[in-house]
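All chains, full assembly: derive it from the sequences and hints.
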Amino acid sequence: MLEQKHLLGLDGYPAKDIETIIDTAFSFREVLDRPIKKVPSLQGKTIVNLFFENSTRTRISFELAQKRLSADTVNFSASTSSLKKGESFKDTAQNIEAMKIDAVVMRHPDPGAPLHLTKHVDAVVINAGDGKHEHPTQAILDMMSLKEVFGKIEGLNVALVGDISHSRVALSNIHGLKALGANVTVCGPPTLIPPHIGSLGVTVSHDLDEVIEWADALNILRIQMERMGVGLFPSVREYRDVFGVNTERLDRHKKELIIMHPGPMNRGIEIDSAVADSKQAIILDQVLNGVASRMAILYLLLGGKAEE
Amino acid sequence: MKIRKLPKTTFLKGGTVLDPLKETSAKKDVLIVNGKIKSVGKGKAPASSEVVDCTGKVITHGFCDVHVHFREPGREDKETLQTGSRAALAGGFTRVCVMPNTDPPLDSPESIRFIAEKAEDCPVHIHPIGAVTKGQKGSEITEMSAMVREGAVAFSDDGIPIANAAVMRRALEYASMLGKPIINHAEDLDLRDDGVMHEGEMSLKLGLDGNPALAESLMVLRDLDLAKLASAFVHIPHVSTRESVQHIVVAKKGGTPVSAEVSPHHLYFNDTALNSYNTNFKVAPPLREEADRKALVKGIVSGTIDCIATDHAPHTIEEKEATFVNAPFGMIGLESCFGAVHTVLMKEKQMTLANIVKLMTVNPRNIMGFETDLFKTGTEAELTVLDPKESWTFDEDSIYSRSKNSPYIGEIFTGKVDSVITKGNITDL
Numbered sequence: 007m008l009e010q011k012h013l014l015g016l017d018g019y020p021a022k023d024i025e026t027i028i029d030t031a032f033s034f035r036e037v038l039d040r041p042i043k044k045v046p047s048l049q050g051k052t053i054v055n056l057f058f059e060n061s062t063r064t065r066i067s068f069e070l071a072q073k074r075l076s077a078d079t080v081n082f083s084a085s086t087s088s089l090k091k092g093e094s095f096k097d098t099a100q101n102i103e104a105m106k107i108d109a110v111v112m113r114h115p116d117p118g119a120p121l122h123l124t125k126h127v128d129a130v131v132i133n134a135g136d137g138k139h140e141h142p143t144q145a146i147l148d149m150m151s152l153k154e155v156f157g158k159i160e161g162l163n164v165a166l167v168g169d170i171s172h173s174r175v176a177l178s179n180i181h182g183l184k185a186l187g188a189n190v191t192v193c194g195p196p197t198l199i200p201p202h203i204g205s206l207g208v209t210v211s212h213d214l215d216e217v218i219e220w221a222d223a224l225n226i227l228r229i230q231m232e233r234m235g236v237g238l239f240p241s242v243r244e245y246r247d248v249f250g251v252n253t254e255r256l257d258r259h260k261k262e263l264i265i266m267h268p269g270p271m272n273r274g275i276e277i278d279s280a281v282a283d284s285k286q287a288i289i290l291d292q293v294l295n296g297v298a299s300r301m302a303i304l305y306l307l308l309g310g311k312a313e314e
Numbered sequence: 551m552k553i554r555k556l557p558k559t560t561f562l563k564g565g566t567v568l569d570p571l572k573e574t575s576a577k578k579d580v581l582i583v584n585g586k587i588k589s590v591g592k593g594k595a596p597a598s599s600e601v602v603d604c605t606g607k608v609i610t611h612g613f614c615d616v617h618v619h620f621r622e623p624g625r626e627d628k629e630t631l632q633t634g635s636r637a638a639l640a641g642g643f644t645r646v647c648v649m650p651n652t653d654p655p656l657d658s659p660e661s662i663r664f665i666a667e668k669a670e671d672c673p674v675h676i677h678p679i680g681a682v683t684k685g686q687k688g689s690e691i692t693e694m695s696a697m698v699r700e701g702a703v704a705f706s707d708d709g710i711p712i713a714n715a716a717v718m719r720r721a722l723e724y725a726s727m728l729g730k731p732i733i734n735h736a737e738d739l740d741l742r743d744d745g746v747m748h749e750g751e752m753s754l755k756l757g758l759d760g761n762p763a764l765a766e767s768l769m770v771l772r773d774l775d776l777a778k779l780a781s782a783f784v785h786i787p788h789v790s791t792r793e794s795v796q797h798i799v800v801a802k803k804g805g806t807p808v809s810a811e812v813s814p815h816h817l818y819f820n821d822t823a824l825n826s827y828n829t830n831f832k833v834a835p836p837l838r839e840e841a842d843r844k845a846l847v848k849g850i851v852s853g854t855i856d857c858i859a860t861d862h863a864p865h866t867i868e869e870k871e872a873t874f875v876n877a878p879f880g881m882i883g884l885e886s887c888f889g890a891v892h893t894v895l896m897k898e899k900q901m902t903l904a905n906i907v908k909l910m911t912v913n914p915r916n917i918m919g920f921e922t923d924l925f926k927t928g929t930e931a932e933l934t935v936l937d938p939k940e941s942w943t944f945d946e947d948s949i950y951s952r953s954k955n956s957p958y959i960g961e962i963f964t965g966k967v968d969s970v971i972t973k974g975n976i977t978d979l
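Taken in order, these protein sequences are the chains called R and F.
Counting from 7, one number per residue, gives the positions in the first sequence under the numbering used here.
Counting from 551, one number per residue, gives the positions in the second sequence under the numbering used here.
Any given hint might turn out to be false.
Between beta-carbon pairs, the in silico distance windows are [to be verified]:
| hint | chain 1 | residue 1 | chain 2 | residue 2 | range |
| --- | --- | --- | --- | --- | --- |
| 1 | R | GLN10 | F | ASP603 | 52 to 58 Å |
| 2 | R | ALA280 | F | ILE959 | 55 to 61 Å |
| 3 | F | THR822 | R | TRP220 | 29 to 35 Å |
What the hints contain is simulated information worked out from the structure, not anything from laboratory work.
For clarity, every value in this text was computed on a predicted model and none was experimentally measured.
We put the CB at the ideal spot given by N, CA and C, even for glycine.
Below you can see the structure in the form of structure tokens.
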């Protein structure tokens, strides 16, 4: 069992519980390789996917994980919800609670919204991304993917490249990786790196080549085009030039390096197609591990019975 | 809370009279006749007088707050002059200055008159602060002279910084003719951007947009230099950063006519209080980091900061129940002020009660030009009776404001207001 009732973030989350989740995820990963990919672990449990912000892959990944575990699921997205009609967050939460559900998977644009939700509902709350705060399930699947390749996390050199300032993926990865003993460097333009990031025990670099020399794995984060208009970086051309991961750059270093990306990718900007589709990229393994990790999280938090 | 008419002759017996103006403290009795101070000294209660036993208590000037929001007109669901007055009394305040960011704002002689007239029926003295610019839009200055005639005691576009330095200069120059301070909410809005809390390690961890300390201190520096240029009186509200304190030190040394206030919450909390995203801690300027809080305490002790002002800012439960990003800025502070300030300053700096009381009585009255010799014979009785040793827990029942957005719920304070005498009434808490 896990120490905490909810999974809201990896800041302060017990390392042993992260390891338990990853280990459990590997056993679910085996299930996903079977011809019949469904287990009855969460039969009779009801889970609501509450998405106040657009998401394709995270929502599908959660939904698949729930279906593979035989849970009943309901999807609820901002565009179809009464939130559009001005209903308060509290009312939405209380209505869900009144319907007797076991867990809520929530994505929300506001940091802290999942914690806020725990104050109004008894159900287990899983954070599927809250603003630029945390995205713990993404970090767990990233770490699982690293463990799959390297057999361990401790001592690995992991670089997060790109927009660190607005990335919940970066923050959760930093907390998780540090908890499990990895070395973390963040790399990007100073305008996209938060000023106090050093307090989290990471190294800051603005030199991608130096980072490539150092790293065992690069986790390349998506650049959001709307950041360009407000002067956080001057142009796509310049970004690609300085921080784009492409074959020529990787070839110069002549070293083995694992490439990760949480998706969705901007091919040709932060990552070139040739790199994304290369053998060293484990981007699609991340996607599969995402389903396995979320199965593990749901299973452990909802106290499902042992498989079969 | 029980507000009742002061008997014709009232005798406050057995307490310690703390005069923050004369800086004296002695066991004395106070005789009040027809609502006015008759004598302060040792004596017998005249026959037919009501004796109020003040044994073990401290009798001092009624507190004065130069920065509150009573939301009238426009947001009477949050607070009114009447409900705000009760919150003031609960905090030992007999006199408050209300900010003009109402709806509509107090930007004309007529709206100042509206407040002044309504204030007459309130159980505390209420003085309106007029807007600096019409509609608080930051461009055209208001009819300050006529507004002063109707009762405006200072000018501020509070909540909205005066971004244009030329407008700020003209406002300072014009108000100097009237001898009234300009109070500018110092915050560079471009630097603040979407910031909802102090920019630092905590904002990074919480994933909330940060408001850098520089957003405040840059504008404080600008305002101090403009005041120097205009030879005009500027009052810096709710100082929250160590850099601002430094700028004020330099300005005061250079002779700039400046006064400054600090809010109780900036002395009492730091940004780690936001750990649970409790929206009652969301305030502008934001709770800063520990080094800033310490600098503010030091600024108080050294006299760089002149007074305590609560920035009492009521908001409805519905608004504060939103997520942190969406909730409005502001917290109530009148009821908790003395307890919080006394607790934190006694604990950390071993300040005397007299010094602390001065920050809430003589100093703010000086800034606004109010009478400061409140034990003088013939003065209208405006007194607060304190029990400085009483330990108590601040809870929902301690709140008299129409809104409940206090960050102090559950805090244990030392020092409590016992009763308040003002406007011919005595209020027992």
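Right, here's what the structure says about each hint:
At about 54 Å, the CB distance of GLN10(R) to ASP603(F) agrees with the hint of 52 to 58 Å. A beta carbon spacing of about 59 Å between ALA280(R) and ILE959(F) agrees with the range 55 to 61 Å that was offered as a hint. For the hinted restraint 29 to 35 Å between THR822(F) and TRP220(R), the CB-CB distance of approximately 33 Å keeps it satisfied.
Against the hints set out earlier in the document, no violation occurs for any number.
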